[in-house]
Structures are given as C-alpha cells and as structure tokens.
Amino acid sequence: MPFEFIESKILFVEGIDEINTISALMKEREKWSVRYNSADDLEYEKDAHKYCVIHKSKEQAIQIVALGGKEKFNSDLPDIKKISGFKELINSIGIILDADSNYNATYESASNTLKSCGLPSSSNHSEFTNSNPRIGIFIIPAKDKVGMLESLCLESIAEYPIMQCVNNYIECAKIKGFTIADNKIDKSRCQIYLSTHKDLPNSVGRGAQKKCWNFNHSCFDELCEFIKSI
Amino acid sequence: MITDISIKNFKGFTDLNINGLSRLTLIAGKNNVGKTNILEALYMLHDNQAPDMSLKHRIFRGLPDIKNDSQELWSSLFYNYDLNNTIYISINKSTEELGLKLKYNSNFNPRTIPFEPTMSNSEHNWNVGQTSSLYIELIYSGIPVQKSNVYIVGSKFFMNKEPMQNELNGAGSEDGTGFGCGSACGHGLIMPKIKHVNFIFAHSRTTSQEVANRFTFLDKNKRKDELISILKIIEPRLIDLSLGSIAGDTFIHCDIEGTDKKIPLNLLGEGMIRMASIVMAILDNKDGITLIDEIENGIYYKTMTGLWAGIMKAAKKSNCQVIATTHNYELISSMYQGLSNNDRKDISYLRLERIKDNIEIETYDSEALGKAINNNWEVR
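Taken in order, these protein sequences are the chains called A and B. Anchor point for the first sequence: position 169 equals 262 in our numbering, and the numbering is continuous, going up by one each time. Anchor point for the second sequence: position 345 equals 325 in our numbering, and the numbering is continuous, going up by one each time.
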C-alpha cells in the first residue's frame, strides 16, 4: 500500500529508531496504545516513510512518520506536502530532529525548510505556531544541547552502575589507541550498554522496545509534553 | 497546447485555476471532486459553435435528455444551480487564448422566429416574448469575438448570433491567419480556429462499428501502419489489421503471430477494444485535444505501461494533447514507469482535493511524480 497520511496529527522523525523509541516511551510512561502499519515491529532497512500511530484516544492519535534522515526532511518536505491527506487532513505537525553537533544550525535549518515550503515556524523550541496546521520543532536531546536520541536515552540511565563499566570501556579503548569520534561517542556507549542485555538489542530503538531505557526519568519530561501537545 | 485552465462558477467549481498541463495530463482525486467536470468544461469551451453544447454534458454522463425544461438543463451547469452566476471558462491566461462566458437570460427576444414544417403543433404554439436563453460570449485573445443566445423550442436548439461591432464595420477577416470565419460560423464573423476535441467518456461501451469506422478513416489515409506500430506496444504478437464482415457487421480483424486465422479484435477482450479506440481517437485528431474519462476502465493493470507508451506515441504523431481522468494507482504509476525519460518531460499529473468547501489542485511535474512513485507515496 502506498504511504499516506491517515491522522490529523503528524510527528515527523528522522528514522525507525525514533519511531520505536517514542512509541515505547509513550506506551510505557503515558499508557498510550501503539498501532504499527504492518508487522509488530518496524524493519530497519529502507526506513523512509515507515510509520506507526500512537494514541491515547480517538481524538489524540498521532501518526509518527520516519523521514529517513535529517537531510531528507530538508530535501523532501516540498514533495511530502503533496502526499494525499496532507492538506485535507493535517491540523498539527511536530518535528523531532537530532541536534548532532550544532543545536542552532539544526533548528534554523528546519525552520528555513518549513518557510521555503510555505509553512510557518515557531521561533521558540518546542512551541507550536498558531496557524493551520500548527507546527512545532523539538531538537533532541533538549534545547541548546548537542547530541542525538542516544544521548537522551543514555542520560536516563546515567546513574545505573553498569554505566561505570561502559565509560571505563570507552576510556580503556582510547588508551589502547582506538579512535572514537566525539560526535559518535554516544552511539558507541549505547551499543556497549545494549550489548550487556539478554536479547542483545542492536539499536537505540530496539533497546527502547526491550525496556532498556528509564522512560520515567525527568530527562524525557519535555519531550513527552511536546508529543502530547501536538 | 493548453497549459492552464481557469473555471469559474461551473458545476462544483467557484474559482478553479489549473496550471502545469502537458501533452499528456492525468487528473485524479476522490469521488465527486470534479474530475469529469474539468473535461466537460474544456469540451464545452471548444464546442462553442454547437447550439446543443449545454446538453452534451448530460449525455456524457448517461443522464436523460431534458430539453423541455431549459431552466433545469441550464441550471445544472451553474455552481450551486444558481442561474444568477456567470460561468467563465478560459485557457492559456498569458495570451487569453480562448474564453467562454455563459449567462442565463430570463427574458430573451430572438430576432427571428424559428419555423420548420416538421415542427409539431405544440412547438408552433411557442410564445416569442416569454422565452429564456443561455447567453454565450466567445473571447479570443482577450477580445469578445462572438455573442449569441441559445434557446430551445420544443425539442430543438436555436442559436441567435448578435452582430459584433467589427462585423458591422465590415472588418471580418479571411486572411488565413486563423481568424478567418470558415464554415464553422458562416456569418463573416471574426472567429478563432478552434481545436477539435474528442471526448471518450467513462460509461460508454465502444461499439465495434465505431472502432471499425475509425480504422477505415486511418486506413484510407494510409495511416494503418502507424496504428499497428502503436498497438504492437500493447500486443507484441500483432502483425496486421484488416476489416472483415461477420453476419453483416464490420469488425476489425487482427493477424496475430502463431495463429492460423485472423481473429476479430473483440475476441482480444474489451480492454483491447478500448485501447484501440483510444489510440485511434488520438491518431484521428491531428492538432486536437482528446479527453478521456476514467481511462482505466476495462484495462488490465499489467497492460497499462504499454498503453501509456502507445498513447504518447500517438499523441506525438498527431500533435494531439491528451487529458484523462483516473482513480487507479497502477495507472498513475505506470504513466511514469511506462515512458522514457524523454517522454516523461511531456507528462503532468494533477490531484483534485476538497479542502473545506473549496476544490484545490495539487500539481506534479514528471520529477515530483517520479519521486512519489519511487518512494511509494500515495498520490491519488
């Protein structure tokens, strides 16, 4: 079946990891239900435009759509606007992107993409415009911070004893001459942490499905509020 | 070539502007958004010399003839059935190439009283002073070139043309620039050369006789080979076509590779007849416009790719513009997938959407359509 918009509230995210993590977050923490578009779990190959629907009620249902990367958001939004249902159905849009190494650049780039497509953009992080559709941008891990989804999830378990071992592993590897790029270090820490779990989940999203992250941690508060306000 | 269309107060449209039309334009959208209305508006615009043009949209849809109720007949053309509106249909706004204005006239007095010996008594009782008309104004290059009133007496349509200022001044042109009147108007009026429009409607079953007639025309003009080369894209085993008689009726017969006898085209299926009919209608319409409603009807999805290649080839050969409607995703994707990169430059795809109370258009050029099809995005 071709991909189409089926809900009036849409959350654009970068990939399948975000879909799996956010759906697990809302299920575990807010007791929302999750409906996937095909199998019980989303495949990790060709992740552009896979989606799931999270819902608390019929009125509060959000279609989470994976764009296939931050660059795809910028390049594809003009064409995504043409997909059936966009104009007819959608009244609220949330956008979640990784800050990576530059929070301001990411926010500004997303804002410019929206404007170039004739869509409004709020000047403040996680705030929604008073337009139709309403649009809000949330940069992960949080306002004015650098990092990615893995950074946010790792923050939720920073106090776990196992993290001492993970950090020691990274330090030991560096001492032994292995190079781990600063902008990838949270991905490495995430993989090391997940490798200590029984089912060996191999990504942050699969880890979320296996309850590896502490979704009740306050670091997820702002993200949860943003999602609920879509 | 029509590149844009503007439609005001016609049927379900208050003010619709469509841009980005190409040699091959496909229009889709949910039920009751007005896909067929666009074709009807274009047909009416080009059929402006036919007194019964206001009736044909009903025939296309298989509705009953209601000539005896002109108010009902005409109101069905107007947005919201409101006869106080003015319909305006035009194409190519940059040059204001062709426009048609329609207004209801509740108190029309024709200059001449129609009389024919064949009229019935009730038709003779017609009261001249109490009739209504459909006022029609034809605009060419931004200038009104013909004003007329159509009225109905009994079961007959009559068209009264008003003298135009340039006609009164004796400025009628026959200079071969395309403004010459020719036989279409017959009254020395300055008239544009109107393109011929074919309308293949959704609910008609193409008769074997119609197909045979079109084939005869093409064959007489030594264009049979063009037709065969196009139909071979759809049916590669086709060798030749000829006319043959079965029980007194004429049918196209196909010489198919690997068979001992020629086979009537009908035996290849309803889809093959429709495809042959579409291709012949395009080949037979040089420099014209062919409108096809619900083009997918009767056509198996796996042959759609070949159909588009055939349609494009025929359209280019005849310099004919094709505008079609569909509901079918396979047909939309096959339009992109079935054509070469070069031919894709000549396609566009439009989707009509109802946004609140308005109809809006989403336009896809070839690149946008390709991206949507390759990503498996819903475009209908």
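Among the clues, some could well be false.
[As the list claims (entries may be wrong)] Taking lysine to any residue pairs in the SDA-like style, the calculated list, with each CA pair at most 25 Å apart, reads: (1) A/Lys180 to B/Ile341; (2) A/Lys151 to A/Leu293; (3) A/Lys174 to B/Asn356; (4) A/Lys208 to B/Glu342; (5) B/Lys10 to A/Ile183.
[To be verified] Now the in silico label distances, taken between C-beta atoms and shown as ranges: (6) B/Lys336 to A/Arg128: 27 to 33 Å; (7) A/Lys236 to B/Asn354: 33 to 39 Å; (8) B/Asn246 to A/Ser150: 52 to 58 Å.
Hints were generated in silico from the structure; no laboratory data involved. Ideal Cβ positions, reconstructed from N, Cα and C, are used throughout, including at glycine.
Now the hints, each set against the structure:
1. A/Lys180 to B/Ile341: Holds: A/Lys180 and B/Ile341 sit about 11 Å apart, inside 25 Å.
2. A/Lys151 to A/Leu293: Answer violated: A/Lys151 to A/Leu293 is near 35 Å, above 25 Å.
3. A/Lys174 to B/Asn356: holds (14 Å)
4. A/Lys208 to B/Glu342: Since the Cα atoms of A/Lys208 and B/Glu342 sit roughly 19 Å apart, the hinted pair holds (cutoff 25 Å).
5. B/Lys10 to A/Ile183: Given that 25 Å is the threshold and the Cα spacing comes to 17 Å, the pair holds.
6. B/Lys336 to A/Arg128: 27 to 33 Å: holds (28 Å)
7. A/Lys236 to B/Asn354: 33 to 39 Å: For B/Asn354 against A/Lys236, whose Cβ atoms are near 36 Å apart, the range 33 to 39 Å holds.
8. B/Asn246 to A/Ser150: 52 to 58 Å: holds (57 Å)
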